[in-house]
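Chemist: I would like the entire structure built from these sequences, with the hints used as guidance.
Mapping of the sequence shown onto our numbering: residues 60 to 266, in sequence order.
One thing to keep in mind: the hints can contain errors.
Stated by the list, open to error - Once the Cα atoms are required to be at most 30 Å apart in a straight line, the calculated DSBU-like pairs of lysine-lysine come out as:
| no. | residue 1 | residue 2 |
| --- | --- | --- |
| 1 | K101 | K67 |
| 2 | K101 | K87 |
| 3 | K67 | K87 |
Hints are computed from structural coordinates only; laboratory data are not their basis.
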Amino acid sequence: MHNPDEAKRILEAALLASQEPVQVQELKRLFDQELGVDTLRKLLDELRQEWSGRSVELVNLASGWRFQTRAEFAPYVERLLPEKAPRYSRAVMETLAIIAYRQPVTRGDIEDIRGVTVSTQIIQALENRGWIDPVGHRETPGRPALYATTRQFLDDLGLRSLQELPPLEEIAQTLQMAPAQSQVVEAQEPPAAEPAEPEEARTGTGG
Numbered sequence: 060m061h062n063p064d065e066a067k068r069i070l071e072a073a074l075l076a077s078q079e080p081v082q083v084q085e086l087k088r089l090f091d092q093e094l095g096v097d098t099l100r101k102l103l104d105e106l107r108q109e110w111s112g113r114s115v116e117l118v119n120l121a122s123g124w125r126f127q128t129r130a131e132f133a134p135y136v137e138r139l140l141p142e143k144a145p146r147y148s149r150a151v152m153e154t155l156a157i158i159a160y161r162q163p164v165t166r167g168d169i170e171d172i173r174g175v176t177v178s179t180q181i182i183q184a185l186e187n188r189g190w191i192d193p194v195g196h197r198e199t200p201g202r203p204a205l206y207a208t209t210r211q212f213l214d215d216l217g218l219r220s221l222q223e224l225p226p227l228e229e230i231a232q233t234l235q236m237a238p239a240q241s242q243v244v245e246a247q248e249p250p251a252a253e254p255a256e257p258e259e260a261r262t263g264t265g266g
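Modeler: Following this line, the structure appears as structure tokens:
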């Protein structure tokens, strides 16, 4: 049986080596199921405290636990990256905000709010980035797809659930800083009218 300090070092090594967030259930495999979920969460919380105040932090996201660079150091780290995160048009970011705060929604719902047609390129850009997915169909003529945000969206915002969504004005700035998952061409559409402000976030968990 591992002592707590040894277990934390094992968790630390595994999480630093992982390129993706890791769920607690997956971390149990490090110890041949010897440690329970509650014990692992306690050790992870202690490990998070140990890294507090450093340039890298341990965070609990929708997809699991991971180490990441603190936001204030991101501009310096980006100087070493060969590619910059894609920047999105206002139309793309408005569409994403509507989906985030009123999900699940159809393209028709988004068009009613924005007052302009939502192009296929906008939906594809958000799907390619991994921020939205179809989660079903509305039982109306044509059965239009219902869109909702994903765990990847929450991870890129540094959140565990939709209840933690920040004020609307913070979303665009935060997501523009998120690491690119793929190169996405900025979607274009006719000039949009000033959009109505989306409603507050629905309760629930990410996609």
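Chemist: It remains to establish, for every hint, whether it holds in the given structure.
Modeler: Quick rundown of the hints versus the structure:
1. K101 - K67: Holds, because 10 Å separates the two Cα atoms, which is no more than 30 Å.
2. K101 - K87: Since the Cα atoms of K101 and K87 sit roughly 13 Å apart, the hinted pair holds (cutoff 30 Å).
3. K67 - K87: holds, 12 Å
Every hint from the earlier list agrees with this structure, and none is contradicted.
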